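FYI, the numbering used here numbers position 100 of the sequence shown as 100, with every residue one higher than the one before it.
Just so you know, these hints were derived from the structure itself, not from any lab.
Source: prediction; values computed, not measured.
Some clues are possibly wrong.
As the list claims (entries may be wrong) - Listed below are the simulated DSS-like cross-link pairs for lysine-lysine, each with C-alpha atoms no more than 30 Å apart in a straight line:
#, residue 1, residue 2
1, K67, K25
2, K25, K128
3, K2, K25
4, K2, K128
5, K25, K124
6, K67, K2
7, K2, K124
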Amino acid sequence: MKIAVISDTHDQIWRLQEILPELNKADILLHCGDLCSPFMVHALGNGLRIPVHIVLGNNDGDALALKSAVDMYEHMFLYGRLASIQIEGLQTAMTHYPDTARALAAAGEYDLVVYGHDHTAFYKRAGKCMLLNPGEFLGLNGTSSYAVLDSDTLEITMIEEEMPRKV
1 MKIAVISDTH
11 DQIWRLQEIL
21 PELNKADILL
31 HCGDLCSPFM
41 VHALGNGLRI
51 PVHIVLGNND
61 GDALALKSAV
71 DMYEHMFLYG
81 RLASIQIEGL
91 QTAMTHYPDT
101 ARALAAAGEY
111 DLVVYGHDHT
121 AFYKRAGKCM
131 LLNPGEFLGL
141 NGTSSYAVLD
151 SDTLEITMIE
161 EEMPRKV
């Protein structure tokens, strides 16, 4: 199974629309927070045919509006600030926050912990746990990134694209 992981989309609907065909090649999408607006939920809900699991980030201001938008799609799930889900035999935790993610990984109860927030792509094995930050989808730091994990091989592929700079 292919598990796509994104975070920190920050309303970048134009970038999201560009990669929806690639995300649809995955079997499931995990979004680690900071969608920001309900229109991003609708873009994901209308553009993807795969299950979408979302946790809230610090820039997801109107959680009620996001929840109302998510509830319009049978294949989308919103968990609040932390999720614990089973994906193809992998006990998986999702959060937006690095400190929480590191603590969850260190606890030894999860096979996979994904997070965002600091806009920095990162991967580390902590015992049996894979700790993964897909980086920032936004591209604020010049690179837009997301990750794809193969649950059979446990291989992680980071997809990065240089973003044009405005001067």
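| Does the structure break any of the earlier hints, and which numbers would those be? | Per hint list: zero violations.
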